[in-house]
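Build the full structure now, drawing on both the sequences and the hints.
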Amino acid sequence: MQAYPDLSNSPPLLPLPPPPLSPLLPALPAPPPPPLAVLPPQHQFACSMRLRLRGCQDLPNRAHAALPDPHVVIDVNGRFEFRTITSYQTLNPVWEQEFLLTNVPSCGCNLWFKVVDKHFGCSNVLCNARWSFAAVGAAGMPQEHLVPLHRPGAPPSGLHGTTGRPAGTLAIQVLWWPIAGGGEIEFRGPARYRRSLSALPGGLIGSTTGEWRKYACYKVSLFGFERFFPHGEAQHWNQDYDAAVQIFKPASLVGAAARAQHAMLYAADRGRRVEFGELRGWADWQQLLWDGQPRYYTYVLMRDGLRFSETGAAFFTDMFSKHAMHSSCARFVAAAGEFLMLADRTFWDNNSGTYAPPAPVLHQLGSLLRHCFPDMPLETVCADDPRLSELHALAPSRVKTPAVQAVVA
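Sequential numbering of the sequence shown, starting at 116, is according to our numbering.
Ranges between beta-carbon positions, derived for each pair:
| id | residue 1 | residue 2 | range |
| --- | --- | --- | --- |
| 1 | P501 | G297 | 42 to 48 Å |
| 2 | N176 | E505 | 55 to 61 Å |
| 3 | P365 | Q159 | 51 to 57 Å |
The calculated BS3-like cross-link candidates involving lysine-lysine, where the alpha carbons are at most 30 Å apart (straight line), are:
| id | residue 1 | residue 2 |
| --- | --- | --- |
| 4 | K229 | K334 |
| 5 | K233 | K334 |
| 6 | K334 | K364 |
Treat the hints as calculated values from the structure; they're not laboratory data. Ideal Cβ positions, reconstructed from N, Cα and C, are used throughout, including at glycine.
Take a look at the structure:
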(Lines of atoms letter the chains of each structure in order from A; the text may use other names.)
(Lines give C-alpha, C1' and ligand atoms only; values in the text may rest on other atoms or scores of the structure.)
Protein backbone atom coordinates (compact mmCIF):
# COMPACT_ATOMS: atom_id res chain seq x y z
CA MET A 116 0.00 0.00 0.00
CA GLN A 117 1.19 3.56 -0.62
CA ALA A 118 2.89 5.06 2.44
CA TYR A 119 2.10 8.48 3.80
CA PRO A 120 3.71 11.23 1.66
CA ASP A 121 6.72 13.14 2.96
CA LEU A 122 7.48 10.83 5.86
CA SER A 123 11.13 10.10 5.15
CA ASN A 124 12.04 11.17 8.68
CA SER A 125 9.41 8.97 10.31
CA PRO A 126 10.74 6.35 12.73
CA PRO A 127 9.54 2.77 12.27
CA LEU A 128 6.09 2.40 13.76
CA LEU A 129 5.84 -0.02 16.63
CA PRO A 130 3.10 -2.64 16.50
CA LEU A 131 0.05 -1.52 18.41
CA PRO A 132 -1.33 -3.86 21.06
CA PRO A 133 -4.90 -4.95 20.36
CA PRO A 134 -7.40 -2.93 22.39
CA PRO A 135 -8.98 -4.79 25.29
CA LEU A 136 -12.46 -5.99 24.48
CA SER A 137 -14.09 -5.14 27.79
CA PRO A 138 -13.82 -2.68 29.24
CA LEU A 139 -12.35 -0.45 26.51
CA LEU A 140 -10.54 1.81 28.97
CA PRO A 141 -8.47 0.90 32.04
CA ALA A 142 -10.11 1.15 35.42
CA LEU A 143 -7.83 3.93 36.66
CA PRO A 144 -7.61 7.09 34.55
CA ALA A 145 -4.19 8.13 33.36
CA PRO A 146 -2.80 11.48 34.53
CA PRO A 147 -3.61 14.45 32.29
CA PRO A 148 -0.98 15.45 29.72
CA PRO A 149 1.47 18.14 30.78
CA PRO A 150 0.72 21.75 29.88
CA LEU A 151 2.18 23.28 26.74
CA ALA A 152 5.93 23.45 27.04
CA VAL A 153 7.36 26.95 26.92
CA LEU A 154 10.75 26.50 25.26
CA PRO A 155 13.25 29.15 24.22
CA PRO A 156 13.11 29.76 20.46
CA GLN A 157 16.49 28.11 19.93
CA HIS A 158 15.15 24.85 21.43
CA GLN A 159 11.88 24.71 19.50
CA PHE A 160 11.52 22.44 16.49
CA ALA A 161 8.89 21.02 14.16
CA CYS A 162 7.57 17.51 14.44
CA SER A 163 5.08 15.11 12.93
CA MET A 164 2.37 13.60 15.10
CA ARG A 165 0.42 10.41 14.57
CA LEU A 166 -2.87 10.60 16.46
CA ARG A 167 -4.78 7.37 16.99
CA LEU A 168 -8.37 7.65 18.23
CA ARG A 169 -9.09 4.40 20.01
CA GLY A 170 -12.62 4.92 21.27
CA CYS A 171 -14.92 6.26 23.98
CA GLN A 172 -16.58 4.83 27.04
CA ASP A 173 -19.76 5.78 28.88
CA LEU A 174 -21.04 8.39 26.45
CA PRO A 175 -24.30 10.14 27.38
CA ASN A 176 -27.45 9.19 25.51
CA ARG A 177 -29.44 12.30 24.66
CA ALA A 178 -32.00 10.55 22.47
CA HIS A 179 -33.00 7.99 25.18
CA ALA A 180 -35.29 6.25 22.69
CA ALA A 181 -32.33 4.85 20.74
CA LEU A 182 -28.61 4.47 21.24
CA PRO A 183 -26.49 7.13 19.49
CA ASP A 184 -24.46 6.81 16.28
CA PRO A 185 -21.32 8.69 17.40
CA HIS A 186 -18.36 10.03 15.50
CA VAL A 187 -15.61 12.44 16.60
CA VAL A 188 -14.75 15.75 14.94
CA ILE A 189 -11.20 16.94 15.71
CA ASP A 190 -10.32 20.63 15.41
CA VAL A 191 -6.64 21.62 15.31
CA ASN A 192 -5.86 25.10 16.66
CA GLY A 193 -9.11 26.34 15.13
CA ARG A 194 -7.57 26.06 11.61
CA PHE A 195 -9.09 22.89 10.17
CA GLU A 196 -11.15 19.84 11.09
CA PHE A 197 -11.20 16.14 10.34
CA ARG A 198 -13.38 13.33 11.67
CA THR A 199 -13.65 9.64 12.39
CA ILE A 200 -16.07 7.24 10.78
CA THR A 201 -19.42 6.66 12.46
CA SER A 202 -20.07 3.88 14.94
CA TYR A 203 -23.67 2.77 15.22
CA GLN A 204 -25.98 2.22 18.20
CA THR A 205 -23.41 2.30 20.98
CA LEU A 206 -22.32 4.30 24.05
CA ASN A 207 -18.86 2.69 23.91
CA PRO A 208 -17.66 3.16 20.32
CA VAL A 209 -14.33 1.75 19.10
CA TRP A 210 -12.68 3.44 16.09
CA GLU A 211 -8.94 2.64 16.17
CA GLN A 212 -8.36 5.25 13.44
CA GLU A 213 -5.07 7.02 12.78
CA PHE A 214 -4.47 10.57 11.56
CA LEU A 215 -1.22 12.30 10.65
CA LEU A 216 -0.31 15.93 11.35
CA THR A 217 2.94 17.52 10.14
CA ASN A 218 4.74 20.78 10.99
CA VAL A 219 3.44 20.62 14.54
CA PRO A 220 5.47 22.98 16.74
CA SER A 221 7.30 21.25 19.56
CA CYS A 222 5.82 23.76 22.00
CA GLY A 223 2.49 22.14 21.20
CA CYS A 224 -0.95 22.70 19.76
CA ASN A 225 -4.51 22.49 21.02
CA LEU A 226 -6.94 19.81 19.87
CA TRP A 227 -10.69 20.13 20.33
CA PHE A 228 -12.63 16.85 20.33
CA LYS A 229 -16.36 16.93 19.65
CA VAL A 230 -18.40 13.71 19.87
CA VAL A 231 -21.40 14.04 17.55
CA ASP A 232 -24.50 11.90 17.14
CA LYS A 233 -26.22 12.15 13.77
CA HIS A 234 -29.81 10.96 13.49
CA PHE A 235 -32.23 11.53 10.61
CA GLY A 236 -29.97 14.17 9.09
CA CYS A 237 -29.65 16.17 12.35
CA SER A 238 -26.36 16.39 14.26
CA ASN A 239 -26.32 16.68 18.06
CA VAL A 240 -23.17 17.25 20.09
CA LEU A 241 -23.04 14.67 22.86
CA CYS A 242 -19.87 15.89 24.59
CA ASN A 243 -16.56 17.61 23.93
CA ALA A 244 -13.10 18.27 25.30
CA ARG A 245 -10.01 20.37 24.71
CA TRP A 246 -6.60 18.74 25.02
CA SER A 247 -3.08 20.03 24.46
CA PHE A 248 -0.22 18.23 22.76
CA ALA A 249 3.45 18.95 23.38
CA ALA A 250 6.53 17.08 22.18
CA VAL A 251 7.48 15.59 25.53
CA GLY A 252 8.73 12.13 26.33
CA ALA A 253 10.66 9.91 23.93
CA ALA A 254 10.29 10.53 20.21
CA GLY A 255 8.89 7.57 18.30
CA MET A 256 7.30 5.99 21.37
CA PRO A 257 3.48 5.70 21.55
CA GLN A 258 1.91 7.51 24.49
CA GLU A 259 -1.56 6.58 25.75
CA HIS A 260 -3.89 9.25 27.14
CA LEU A 261 -7.42 9.39 28.52
CA VAL A 262 -9.23 12.63 27.78
CA PRO A 263 -12.22 13.47 30.03
CA LEU A 264 -15.30 14.44 28.06
CA HIS A 265 -17.90 16.96 29.22
CA ARG A 266 -21.40 17.83 28.17
CA PRO A 267 -21.72 20.91 25.93
CA GLY A 268 -23.11 24.22 27.06
CA ALA A 269 -20.24 25.50 29.18
CA PRO A 270 -17.25 27.50 27.93
CA PRO A 271 -13.84 25.80 27.89
CA SER A 272 -11.85 26.04 31.08
CA GLY A 273 -8.12 25.38 31.15
CA LEU A 274 -6.35 23.31 28.55
CA HIS A 275 -7.66 19.81 29.10
CA GLY A 276 -11.45 19.96 29.30
CA THR A 277 -14.59 21.99 29.80
CA THR A 278 -16.62 23.05 32.79
CA GLY A 279 -19.67 21.01 31.75
CA ARG A 280 -20.78 17.84 33.54
CA PRO A 281 -18.61 14.75 32.98
CA ALA A 282 -19.78 12.69 30.01
CA GLY A 283 -17.43 9.76 29.51
CA THR A 284 -13.83 9.40 28.40
CA LEU A 285 -11.96 9.42 25.08
CA ALA A 286 -8.93 7.12 24.66
CA ILE A 287 -6.19 8.35 22.32
CA GLN A 288 -2.64 7.38 21.44
CA VAL A 289 -0.01 9.91 20.34
CA LEU A 290 3.34 9.27 18.67
CA TRP A 291 5.63 12.10 17.53
CA TRP A 292 9.03 12.50 15.88
CA PRO A 293 11.11 15.56 14.86
CA ILE A 294 11.25 16.63 11.21
CA ALA A 295 13.25 19.17 9.22
CA GLY A 296 11.68 22.43 8.14
CA GLY A 297 8.50 23.90 9.50
CA GLY A 298 5.56 26.02 8.44
CA GLU A 299 1.85 25.82 9.10
CA ILE A 300 0.37 22.74 10.75
CA GLU A 301 -0.95 20.46 8.03
CA PHE A 302 -3.27 17.45 8.06
CA ARG A 303 -1.81 14.67 5.91
CA GLY A 304 -4.53 12.05 5.94
CA PRO A 305 -5.03 9.32 5.26
CA ALA A 306 -7.82 9.85 2.73
CA ARG A 307 -10.87 7.74 3.46
CA TYR A 308 -13.86 6.59 1.46
CA ARG A 309 -17.46 5.87 2.31
CA ARG A 310 -19.50 3.72 -0.09
CA SER A 311 -23.29 3.75 0.27
CA LEU A 312 -25.60 1.31 -1.44
CA SER A 313 -29.11 2.61 -2.15
CA ALA A 314 -31.70 0.67 -0.18
CA LEU A 315 -34.24 -0.14 -2.91
CA PRO A 316 -32.03 -1.29 -5.82
CA GLY A 317 -29.43 -2.64 -3.45
CA GLY A 318 -32.01 -4.80 -1.73
CA LEU A 319 -33.30 -6.08 -5.06
CA ILE A 320 -29.97 -7.09 -6.56
CA GLY A 321 -27.97 -7.83 -3.42
CA SER A 322 -24.20 -7.37 -3.41
CA THR A 323 -23.04 -10.69 -4.83
CA THR A 324 -22.53 -9.47 -8.41
CA GLY A 325 -20.82 -6.53 -10.04
CA GLU A 326 -24.23 -4.97 -10.75
CA TRP A 327 -24.24 -3.35 -7.32
CA ARG A 328 -21.67 -0.84 -8.59
CA LYS A 329 -24.42 0.82 -10.62
CA TYR A 330 -26.27 1.74 -7.43
CA ALA A 331 -23.37 2.83 -5.21
CA CYS A 332 -22.53 6.39 -4.14
CA TYR A 333 -19.04 7.26 -2.93
CA LYS A 334 -17.63 9.97 -0.72
CA VAL A 335 -13.84 10.37 -0.45
CA SER A 336 -12.40 12.67 2.22
CA LEU A 337 -9.28 14.40 0.92
CA PHE A 338 -6.61 16.45 2.69
CA GLY A 339 -5.06 19.74 1.61
CA PHE A 340 -8.32 21.23 0.30
CA GLU A 341 -7.59 24.70 1.73
CA ARG A 342 -4.16 24.79 0.06
CA PHE A 343 -5.46 24.14 -3.45
CA PHE A 344 -8.89 25.77 -3.09
CA PRO A 345 -8.18 28.79 -0.86
CA HIS A 346 -11.54 30.33 -1.78
CA GLY A 347 -13.41 27.16 -0.86
CA GLU A 348 -16.62 26.28 -2.67
CA ALA A 349 -16.59 29.22 -5.07
CA GLN A 350 -18.09 27.74 -8.26
CA HIS A 351 -21.68 29.03 -8.62
CA TRP A 352 -24.32 27.01 -10.44
CA ASN A 353 -24.59 27.78 -14.14
CA GLN A 354 -27.25 30.46 -14.59
CA ASP A 355 -27.06 30.09 -18.40
CA TYR A 356 -28.08 26.44 -18.28
CA ASP A 357 -31.87 25.99 -18.50
CA ALA A 358 -31.88 22.67 -16.64
CA ALA A 359 -29.94 24.25 -13.77
CA VAL A 360 -32.38 27.18 -13.64
CA GLN A 361 -35.22 24.70 -13.15
CA ILE A 362 -33.34 23.09 -10.26
CA PHE A 363 -32.27 26.23 -8.40
CA LYS A 364 -35.23 28.54 -8.91
CA PRO A 365 -37.20 29.39 -5.72
CA ALA A 366 -39.54 26.67 -4.45
CA SER A 367 -38.37 24.31 -7.19
CA LEU A 368 -39.95 20.87 -7.09
CA VAL A 369 -37.06 19.59 -9.20
CA GLY A 370 -34.57 20.86 -6.63
CA ALA A 371 -36.57 19.28 -3.79
CA ALA A 372 -36.54 15.97 -5.68
CA ALA A 373 -32.75 16.18 -6.14
CA ARG A 374 -32.26 16.78 -2.42
CA ALA A 375 -34.51 13.83 -1.62
CA GLN A 376 -32.48 11.67 -4.01
CA HIS A 377 -29.28 12.74 -2.26
CA ALA A 378 -30.69 11.79 1.14
CA MET A 379 -31.84 8.40 -0.14
CA LEU A 380 -28.67 7.49 -2.01
CA TYR A 381 -26.23 8.57 0.70
CA ALA A 382 -28.25 7.11 3.57
CA ALA A 383 -26.24 4.82 5.84
CA ASP A 384 -29.23 2.97 7.35
CA ARG A 385 -27.36 2.89 10.67
CA GLY A 386 -24.43 1.08 9.14
CA ARG A 387 -26.28 -1.64 7.25
CA ARG A 388 -25.73 -0.18 3.77
CA VAL A 389 -22.40 1.58 4.12
CA GLU A 390 -18.74 0.57 3.85
CA PHE A 391 -15.70 2.51 5.08
CA GLY A 392 -12.06 2.22 4.08
CA GLU A 393 -8.77 4.04 3.43
CA LEU A 394 -7.26 5.24 0.16
CA ARG A 395 -3.50 5.55 0.54
CA GLY A 396 -2.58 5.30 -3.13
CA TRP A 397 -3.42 4.17 -6.66
CA ALA A 398 -3.67 0.48 -5.69
CA ASP A 399 -6.51 1.31 -3.31
CA TRP A 400 -8.37 3.24 -6.03
CA GLN A 401 -8.05 0.23 -8.32
CA GLN A 402 -9.36 -2.09 -5.66
CA LEU A 403 -12.29 0.22 -4.98
CA LEU A 404 -13.40 1.01 -8.55
CA TRP A 405 -11.73 -1.22 -11.13
CA ASP A 406 -13.62 -4.41 -12.01
CA GLY A 407 -12.14 -5.19 -15.40
CA GLN A 408 -14.05 -2.71 -17.53
CA PRO A 409 -13.77 1.08 -18.07
CA ARG A 410 -16.32 3.10 -16.11
CA TYR A 411 -17.19 6.79 -16.06
CA TYR A 412 -18.13 8.55 -12.81
CA THR A 413 -19.91 11.84 -12.20
CA TYR A 414 -18.33 13.84 -9.36
CA VAL A 415 -18.62 17.03 -7.36
CA LEU A 416 -15.92 18.33 -5.03
CA MET A 417 -17.11 19.90 -1.78
CA ARG A 418 -15.14 21.09 1.21
CA ASP A 419 -15.87 17.85 3.03
CA GLY A 420 -14.81 15.58 0.17
CA LEU A 421 -15.28 14.18 -3.31
CA ARG A 422 -18.72 12.69 -4.03
CA PHE A 423 -19.44 10.56 -7.09
CA SER A 424 -21.39 7.70 -8.69
CA GLU A 425 -21.18 5.88 -11.99
CA THR A 426 -22.17 8.00 -14.99
CA GLY A 427 -24.88 6.57 -17.21
CA ALA A 428 -25.71 3.68 -14.89
CA ALA A 429 -29.33 2.65 -15.47
CA PHE A 430 -30.57 3.72 -12.04
CA PHE A 431 -28.85 7.11 -12.10
CA THR A 432 -30.08 8.11 -15.55
CA ASP A 433 -33.40 8.94 -13.90
CA MET A 434 -31.80 11.77 -11.92
CA PHE A 435 -32.65 15.32 -13.00
CA SER A 436 -28.99 16.30 -12.56
CA LYS A 437 -26.45 13.96 -11.04
CA HIS A 438 -24.17 16.88 -10.15
CA ALA A 439 -27.00 18.65 -8.30
CA MET A 440 -27.96 15.38 -6.62
CA HIS A 441 -24.42 14.72 -5.35
CA SER A 442 -24.12 18.27 -3.99
CA SER A 443 -27.63 18.14 -2.49
CA CYS A 444 -28.47 21.18 -4.63
CA ALA A 445 -25.65 23.29 -3.21
CA ARG A 446 -25.54 26.66 -4.95
CA PHE A 447 -21.73 26.61 -4.81
CA VAL A 448 -19.26 23.74 -5.23
CA ALA A 449 -15.48 23.63 -5.50
CA ALA A 450 -15.40 21.59 -8.73
CA ALA A 451 -17.61 19.29 -10.81
CA GLY A 452 -17.30 17.03 -13.82
CA GLU A 453 -16.66 13.40 -14.69
CA PHE A 454 -13.74 11.00 -14.53
CA LEU A 455 -12.88 7.83 -16.42
CA MET A 456 -11.44 4.86 -14.53
CA LEU A 457 -9.13 2.63 -16.58
CA ALA A 458 -6.84 -0.18 -15.50
CA ASP A 459 -3.69 1.94 -15.60
CA ARG A 460 -4.85 5.57 -15.33
CA THR A 461 -7.68 8.02 -14.80
CA PHE A 462 -8.91 10.99 -16.86
CA TRP A 463 -10.67 13.89 -15.08
CA ASP A 464 -12.71 16.57 -16.82
CA ASN A 465 -14.89 19.57 -15.96
CA ASN A 466 -17.87 18.37 -18.02
CA SER A 467 -20.80 19.65 -15.94
CA GLY A 468 -23.64 21.67 -17.40
CA THR A 469 -25.04 22.32 -13.93
CA TYR A 470 -21.91 24.07 -12.58
CA ALA A 471 -19.66 24.56 -15.66
CA PRO A 472 -16.35 25.08 -13.81
CA PRO A 473 -13.60 26.74 -15.90
CA ALA A 474 -10.37 25.02 -16.85
CA PRO A 475 -8.29 26.50 -13.97
CA VAL A 476 -10.61 24.84 -11.46
CA LEU A 477 -10.01 21.49 -13.16
CA HIS A 478 -6.24 22.00 -12.87
CA GLN A 479 -6.66 22.84 -9.17
CA LEU A 480 -8.49 19.55 -8.71
CA GLY A 481 -5.70 17.69 -10.48
CA SER A 482 -3.12 19.25 -8.16
CA LEU A 483 -5.19 18.31 -5.10
CA LEU A 484 -5.49 14.69 -6.24
CA ARG A 485 -1.74 14.46 -6.93
CA HIS A 486 -1.09 15.89 -3.47
CA CYS A 487 -3.23 13.21 -1.82
CA PHE A 488 -2.22 10.33 -4.14
CA PRO A 489 1.24 10.99 -5.61
CA ASP A 490 1.33 7.66 -7.44
CA MET A 491 -2.08 8.07 -9.13
CA PRO A 492 -1.63 8.24 -12.94
CA LEU A 493 -4.12 10.96 -13.86
CA GLU A 494 -4.67 13.42 -16.67
CA THR A 495 -7.01 16.40 -16.79
CA VAL A 496 -9.03 16.92 -19.99
CA CYS A 497 -11.09 20.09 -20.46
CA ALA A 498 -14.72 19.81 -21.51
CA ASP A 499 -14.00 21.38 -24.91
CA ASP A 500 -11.11 19.01 -25.67
CA PRO A 501 -11.88 16.94 -28.82
CA ARG A 502 -10.36 13.89 -27.13
CA LEU A 503 -13.27 13.77 -24.70
CA SER A 504 -15.62 12.03 -27.16
CA GLU A 505 -12.95 9.38 -27.75
CA LEU A 506 -12.69 8.79 -24.01
CA HIS A 507 -16.47 8.54 -23.73
CA ALA A 508 -16.45 5.76 -26.30
CA LEU A 509 -14.19 3.66 -24.05
CA ALA A 510 -16.93 3.23 -21.43
CA PRO A 511 -20.14 1.65 -22.77
CA SER A 512 -22.22 3.03 -19.89
CA ARG A 513 -21.14 6.58 -20.81
CA VAL A 514 -22.46 6.39 -24.40
CA LYS A 515 -26.03 7.66 -24.40
CA THR A 516 -28.63 5.62 -26.21
CA PRO A 517 -31.43 7.38 -28.14
CA ALA A 518 -33.80 6.71 -25.25
CA VAL A 519 -31.74 8.78 -22.83
CA GLN A 520 -30.41 11.54 -25.08
CA ALA A 521 -32.51 14.14 -23.25
CA VAL A 522 -31.35 13.20 -19.76
CA VAL A 523 -29.33 15.91 -18.05
CA ALA A 524 -25.83 14.75 -17.11
